[in-house]
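A.B. asks: Construct the entire structure; sequences and hints are all you get.
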Amino acid sequence: MASILDIDSISVRYGAIEALHKVSMKVSEGDIIALIGANGAGKSTLLKAIVNQVPLAEGSISFGGEVTGTSEKHRKSVPTHLLSKRGIALVPEGRHVFADMTVEENLDMGAFLVDDARLIARKKEEMFDFFPILGARKAQKTRSLSGGEQQMMAIARALMSSPRLLLLDEPGLGLAPLVVQDIFNKIAMINEQDKVTVFLVEQNARMALKASSSAYCLENGNIVLSGPSDELLVNDRVRAAYLGE
Amino acid sequence: MLNFFQLIIIYAGIYALMAIGQNCITGNTGMLSLCHAGFYCIGSYVTAIICKTMGLPFWFSLPVAAVAAGLVGFLIGVPTLRLKGDYLCIATLGLGEIIRNIATNVNPVGINSVPRAALFGYQFSSRNKLTFILLIWFFVMIAYVLFRQLAHSRIGRAMIAVREDEVAAQSNGINVTKYKIGAFTLGAAIGGVAGCFATAYTLTVSPGSYTFMVSVMVLCMVVLGGMGNLKGVILGAFIIEFISYFPQLVGLSSVIPAQASQVLYGLVLVIMMICRPQGILGRDRYRYGSQVKKGARKAAGAKEA
Numbered sequence: 001m002a003s004i005l006d007i008d009s010i011s012v013r014y015g016a017i018e019a020l021h022k023v024s025m026k027v028s029e030g031d032i033i034a035l036i037g038a039n040g041a042g043k044s045t046l047l048k049a050i051v052n053q054v055p056l057a058e059g060s061i062s063f064g065g066e067v068t069g070t071s072e073k074h075r076k077s078v079p080t081h082l083l084s085k086r087g088i089a090l091v092p093e094g095r096h097v098f099a100d101m102t103v104e105e106n107l108d109m110g111a112f113l114v115d116d117a118r119l120i121a122r123k124k125e126e127m128f129d130f131f132p133i134l135g136a137r138k139a140q141k142t143r144s145l146s147g148g149e150q151q152m153m154a155i156a157r158a159l160m161s162s163p164r165l166l167l168l169d170e171p172g173l174g175l176a177p178l179v180v181q182d183i184f185n186k187i188a189m190i191n192e193q194d195k196v197t198v199f200l201v202e203q204n205a206r207m208a209l210k211a212s213s214s215a216y217c218l219e220n221g222n223i224v225l226s227g228p229s230d231e232l233l234v235n236d237r238v239r240a241a242y243l244g245e
Numbered sequence: 001m002l003n004f005f006q007l008i009i010i011y012a013g014i015y016a017l018m019a020i021g022q023n024c025i026t027g028n029t030g031m032l033s034l035c036h037a038g039f040y041c042i043g044s045y046v047t048a049i050i051c052k053t054m055g056l057p058f059w060f061s062l063p064v065a066a067v068a069a070g071l072v073g074f075l076i077g078v079p080t081l082r083l084k085g086d087y088l089c090i091a092t093l094g095l096g097e098i099i100r101n102i103a104t105n106v107n108p109v110g111i112n113s114v115p116r117a118a119l120f121g122y123q124f125s126s127r128n129k130l131t132f133i134l135l136i137w138f139f140v141m142i143a144y145v146l147f148r149q150l151a152h153s154r155i156g157r158a159m160i161a162v163r164e165d166e167v168a169a170q171s172n173g174i175n176v177t178k179y180k181i182g183a184f185t186l187g188a189a190i191g192g193v194a195g196c197f198a199t200a201y202t203l204t205v206s207p208g209s210y211t212f213m214v215s216v217m218v219l220c221m222v223v224l225g226g227m228g229n230l231k232g233v234i235l236g237a238f239i240i241e242f243i244s245y246f247p248q249l250v251g252l253s254s255v256i257p258a259q260a261s262q263v264l265y266g267l268v269l270v271i272m273m274i275c276r277p278q279g280i281l282g283r284d285r286y287r288y289g290s291q292v293k294k295g296a297r298k299a300a301g302a303k304e305a
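Line by line, the protein sequences are chains A and B. One point on numbering: in the working numbering, the residue at position 137 of the first sequence is 137, and numbering is uninterrupted. One point on numbering: in the working numbering, the residue at position 29 of the second sequence is 29, and numbering is uninterrupted.
Since the hints were derived computationally from the structure, they do not count as laboratory data. Do not take every clue at face value.
Short, incomplete list of chain B residues facing chain A, as computed with Cβ under 7 Å [unchecked claim]:
hint: 1; residue: D165
hint: 2; residue: A168
hint: 3; residue: S171
hint: 4; residue: N172
hint: 5; residue: G173
hint: 6; residue: I174
Given the structure is predicted, the values throughout are model-derived calculations rather than measurements. Positions of the beta carbon are idealized from the N, C-alpha and C atoms, including for glycine.
C.D. replies: Right, dumping it as structure tokens:
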């Protein structure tokens, strides 16, 4: 299948420190891709680079065949807030909900660039069907939701813009194993039903590898391993470093 | 005594305009800025220069004061709004002082005997306070309605999203920089309008009246009344003005030093932070979602018809 996101040997530097070194990835349309790695490996930097929140020192990124991020001086990267219009939705690490707004208002914010009021209303109904707990809590302030509910809301908010690519940064962070399982099931359903390509960054390697079709492993800013997820699950190096076996 | 109450109401009106501007910046968009005295200063000077030096009518100076203050707000905003929280606070504090120092160095005396504002031949003078109250509060009402509409519009919704969480706002397609600079410019412009009315009332401008304390007072009004709540900030303007004139009001200005009001602001703020940190009236309910639903229903109805 055609690749929807093409990362072409990008490097990102924070001053003298190189956070990513010539990283290349291809994400095929309709896949679930997992990116695993330890703390400080550069996972979040890679996501930030995809949404152009950090400048690229080298390489380029294209989405759907168009260049969205570049290191060349005379060409400009697409600003973060416009990527949402192109079909990239990011669920940031630590959820980042609008805590003082209700669940429904948060979903409205997710459709900020959508002009069609009927489409927004329909999308909201879809989200309330898909996440019944959000439907039950739609008039509540997001502050009062549990961590798992907030994470689901953050995902639902990202889906409001009908994205083609969903970027998830640590969706299981700080949640109980059962809740994490629930969220991963939902992610699989989103991928299957809505044909949304999912790019998953996760420290919980076992969960991420089970949920994804292929995976990349990042260490100190380098891609050290990549391949189908079921192969990585039995790879000795992955088992020793990330699965604790 | 009645005269004195009228004076407080006039100043409360002028400060209410500034507080509405500060509320747009701090209450809605969440930027802690401390340079409203600077915008107030610009509005005052522009009015004084236009009315006295150039001899043009007051009503011409009003939009010019707003545009001039807004422009300065925009120019200050572009480089400083990358900063957040206390860093932004310190940067804007410095900028407010720079504006005042420029005014002091150019002309330490200020400008006196500015011509009065007139409407259909009627001159607004400080002797007839009642008409001036009507004038200033008419404009406070206009500002209130405009900023309320703004807060409940798509733009206001984006501003609130920026206040709540910048990362989330950006990933939902909101141009954070654009809305921050926009809110700052608008807030500055209304600060300029306040300065314009202050000149029209006192008919003098002097650099000594645009100190850092003015910015602090305006911020106090917003915090006291309730951040993001327009009714609240107007109430806050009343209370702070009342406190600052309290010694004169009870006839003890010879006993109580002028600085006592600063102690009172501090006391009020400390008590507020302990008992009711969200302000007297609290945050305004944000109501965009219900409007979207109404729009959707209307659209659906139109389709059926």
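A.B. asks: Each hint: holds or not?
C.D. replies: So, going through the hints one by one against the coordinates:
no. : hint : result
1   : D165 : holds, 5 Å
2   : A168 : holds, 4 Å
3   : S171 : holds, 4 Å
4   : N172 : holds, 5 Å
5   : G173 : holds, 3 Å
6   : I174 : holds, 6 Å
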